[in-house]
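Colleague: Given next are the chains, with one letter for each unit.
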Amino acid sequence: MKAEEIAAAGSVTLAAHETIIQPNQSWLRVDWALLWEYRDLLALLVHREFASKYKQTILGPAWFILQPLMTSLVMTIFFGRVAKISTDGVPAVLFYLCNQLSWNYLQQNLSTGGAIFMNNASLFGKVYFPRLVVPISVVLSNLFACVLQMISFLLIYWGFVTMVPGTGLHLSPAALLLPLLFLMTGALSLGVCLWMSALTAKYRDLNQVLQLFVQLWMFASPVIYPLSKYPVRFRWVAEINPMTAILEAFRLCLFGVGTLTVESMAMSIGGTVFLLLTGMLIFQRTERTFIDTV
Amino acid sequence: MDKPIIEVQGLSKLYTLGSIGATSLRESAEMIWSKILRRPRLNGTPLTARFAPEQVGPVPHSFWALRDVNFVVQPGEVIGLIGQNGAGKSTLLKILSRITEPTKGRAILRGRVASLLEVGTGFHPELSGRDNIYLNGAILGMKHAEITRKFDEIVAFAEVEDFIDTPVKRYSSGMHLRLAFAVAAHLEPEILLVDEVLAVGDATFQKKCLGKMGDVARQGRTVLVVSHNMASILSLCQRAVMLKFGTVERMGPVQEIVHAYLEGSKPEEVVALSDRHDREGDGSIRYESIAIENAAGGSIIRTGSRCKVTIRYKSDKPVRHTRFLLTIYDLTHVSMFQLDSEATGGLPDTLPPEGTVICETDGLGITPGRCYINLELIRGHQLADRIAYAAYFDVEVDDFYGTGKLPKREWTMTVLRHRWMSGCEAGVE
Chain A
1 MKAEEIAAAG SVTLAAHETI IQPNQSWLRV DWALLWEYRD LLALLVHREF
51 ASKYKQTILG PAWFILQPLM TSLVMTIFFG RVAKISTDGV PAVLFYLCNQ
101 LSWNYLQQNL STGGAIFMNN ASLFGKVYFP RLVVPISVVL SNLFACVLQM
151 ISFLLIYWGF VTMVPGTGLH LSPAALLLPL LFLMTGALSL GVCLWMSALT
201 AKYRDLNQVL QLFVQLWMFA SPVIYPLSKY PVRFRWVAEI NPMTAILEAF
251 RLCLFGVGTL TVESMAMSIG GTVFLLLTGM LIFQRTERTF IDTV
Chain B
1001 MDKPIIEVQG LSKLYTLGSI GATSLRESAE MIWSKILRRP RLNGTPLTAR
1051 FAPEQVGPVP HSFWALRDVN FVVQPGEVIG LIGQNGAGKS TLLKILSRIT
1101 EPTKGRAILR GRVASLLEVG TGFHPELSGR DNIYLNGAIL GMKHAEITRK
1151 FDEIVAFAEV EDFIDTPVKR YSSGMHLRLA FAVAAHLEPE ILLVDEVLAV
1201 GDATFQKKCL GKMGDVARQG RTVLVVSHNM ASILSLCQRA VMLKFGTVER
1251 MGPVQEIVHA YLEGSKPEEV VALSDRHDRE GDGSIRYESI AIENAAGGSI
1301 IRTGSRCKVT IRYKSDKPVR HTRFLLTIYD LTHVSMFQLD SEATGGLPDT
1351 LPPEGTVICE TDGLGITPGR CYINLELIRG HQLADRIAYA AYFDVEVDDF
1401 YGTGKLPKRE WTMTVLRHRW MSGCEAGVE
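Chains as they are written, first to last, in my numbering: chain A, 1 to 294; chain B, 1001 to 1429.
Among the hints, a few may not be true.
Unchecked claim - No farther apart than 27 Å at their CA atoms in a straight line, the calculated lysine-lysine pairs in the DSS-like style are these:
id, chain 1, residue 1, chain 2, residue 2
1, B, Lys1150, B, Lys1212
2, B, Lys1244, B, Lys1143
3, B, Lys1143, A, Lys53
4, B, Lys1143, B, Lys1169
5, A, Lys202, B, Lys1150
6, B, Lys1003, B, Lys1169
7, B, Lys1308, B, Lys1212
8, B, Lys1208, B, Lys1169
9, B, Lys1150, B, Lys1104
10, B, Lys1169, B, Lys1150
11, A, Lys53, B, Lys1169
12, B, Lys1143, A, Lys55
13, B, Lys1207, B, Lys1169
14, B, Lys1169, B, Lys1104
15, B, Lys1169, A, Lys55
Note that these hints are calculated values from the structure, not bench results.
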């Protein structure tokens, strides 16, 4: 009897793990349960991503703060002082620092997650795990840098408000919406990473274009200028870009100025969801036979 | 009876040679462009043929790495996968471990699968040994708690206690390897797929790995091992699958399959002749098949091997006064030996209408190389059947003279046992 019980218990656990391998499985078939089973790997990859970035650098994680700070200073000097581009009445340094919050996050995600397949070819060729773990870990690990950057931003913001009189700026409760905006930026960049990874796996040439693409995208987004500089008639063109609403929303939450409509926000959310879903689709499509083409 | 833990049904994998994966943008743009224009491509292949999903047949520049592979594995079995390079062993493991997808067929795996296709995948050089144990374990599918539980055991197995907090990039290659195998060896999957891991490391470590693998097998887990090392296959596995050109050639008890594999340089054991229509003679008696083996029953013929040729023949009526004549030729059609039933005698005057005759030879003094056999059947003075190049066999090197030296085929076709002595020894002087 006992042996039978053991055998029965054994077959139950076996059945729970049944895997069927066959060609041309349906397109969108994310195995969420399996992904969840690999959550420990996700955590470790996030840690690896984060730790390996500043290992053996002198300033360590301080780079996560310094890099966007320096970019903002350069922008303040050239776009603010020299080119005199409007910043919607917000002090130029704060304007650019604020834009860097979301844009830098997106940019970091794309530069580390834009060619997942190519960069991990040898690993993917030897062991199976849900490949989605890797892009998700990229987006999550960059979030740490975001938090550091956010803290430094708030310190500078606070310094500005207390030391420079007459700015009329104050932190409103709207700032509590920022995590949601970071979430949107993360989702959007994940979608784009999935697309880029799948495309660079198929067309190696695109890897060369990736940086250029990010740069062009920056100019197409209100990073160095506010959307209010756009003629009203053409704003919808800029609003097709899901980043537009996110950037404007960031400024609206932090400074109370920004050109944001319900429609443009809805369009941004819709675009993000669309990119994310189609990205998963094409990523999975690539995942299944990518290794044959390496 | 339990369901089999692994079921492989008609599994096939088509690989496209050359450029299909590394498509350039230009190529794709060209394809889309010509699709828009509904114009066949310059090379004449209509686009529909390239895109048709159901076409998995012999597309140009493609080959079947696996073709209709079927087998089942019962829980707790340790199976060896053997075959020559390019036989499809690694492709099969890659499909079973879900690294790539089959083109046709399917496989059902009933259990947690871990694959070990290469030791040390996913090690990050900047991270410490400790961090890498966790990372590598997680990549291989272990839970954090599981790794923590086995951590000390892993470190002890790898013998890297003193360096556990040192970045892996400072490890010697031996330490790197030991650590990697240690992590993998402590996986506890229900199905373990292993590819050639034992081919690495020094002899002591290989022995240790082999011992660990044996433990895993004894714990009742199912293991599928690919290896070229027949000794480890024999010591680990109960059954083996022999792959050849992407198909399952044989499957059965490990001894039998390994034996067959080692003898496998021979093209075919029994050559069926019923398909040969390029015959001469009146056809009153016909050769059906021929098999050549050494006297011990193996298929390897060496210089000096005693051979056994088994011939099946067929006729309408009892066979009387018939001469079986086999001629062994070399490549240049020079006859080396004739095996002639009339010259030696020994066959009864009357044979049944359908049956077998066997010819045994003394040591075959032929230098290593390929030999062909012509078959002739003569009844009275009438030629009944003749098949040129009916079969061939390869003579392998053997220590014929006991000195390790043997002439080459270019110098002579046959060898003869002989002795040399000086005149004084022979008592001539």
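Colleague: Against this structure, judge whether each hint is valid.
Modeller: Hints, verified against the model:
In summary, the hint linking B:Lys1150 to B:Lys1212 is supported, as the alpha carbons are separated by about 15 Å, within the 27 Å threshold. Pair hint B:Lys1244 plus B:Lys1143 does not hold up; C-alpha atoms about 38 Å apart against a cutoff of 27 Å. Distance hint between B:Lys1143 and A:Lys53 is fulfilled; the C-alpha atoms sit about 25 Å from each other, no more than 27 Å. Only pairs whose Cα atoms come within 27 Å are accepted, and B:Lys1143 paired with B:Lys1169 is accepted, the gap being roughly 25 Å.
As the CA atoms of A:Lys202 and B:Lys1150 are separated by approximately 40 Å, the hinted pair breaks the 27 Å bound. Taking the CA atoms of B:Lys1003 and B:Lys1169, the gap is about 45 Å. The hint is violated against a cut of 27 Å. For the suggested pair B:Lys1308 and B:Lys1212, the alpha carbons sit about 44 Å apart, so the restraint of at most 27 Å is broken. At roughly 24 Å between alpha-carbon atoms, B:Lys1208 and B:Lys1169 fall within 27 Å of each other, so this suggested pair holds.
Among the hinted pairs, B:Lys1150 with B:Lys1104 is inconsistent with the structure: their alpha-carbon atoms are about 40 Å apart, more than 27 Å. For the proposed pair B:Lys1169 and B:Lys1150, the alpha carbon gap of about 23 Å is at most 27 Å, so the pair holds. Restraint check for A:Lys53 and B:Lys1169: the C-alpha separation of about 15 Å stays at or below 27 Å, so the hint holds. Taking the CA atoms of B:Lys1143 and A:Lys55, the gap is near 26 Å; set against the 27 Å cutoff, the hint holds.
For the hint linking B:Lys1207 to B:Lys1169, the alpha-carbon distance of about 26 Å falls within 27 Å, and the restraint holds. Taking the CA atoms of B:Lys1169 and B:Lys1104, the gap is near 42 Å; set against the 27 Å cutoff, the hint is violated. Pair hint B:Lys1169 plus A:Lys55 holds up; C-alpha atoms about 13 Å apart against a cutoff of 27 Å.
When each numbered hint is compared with the structure, violations occur for hints 2, 5, 6, 7, 9, 14.
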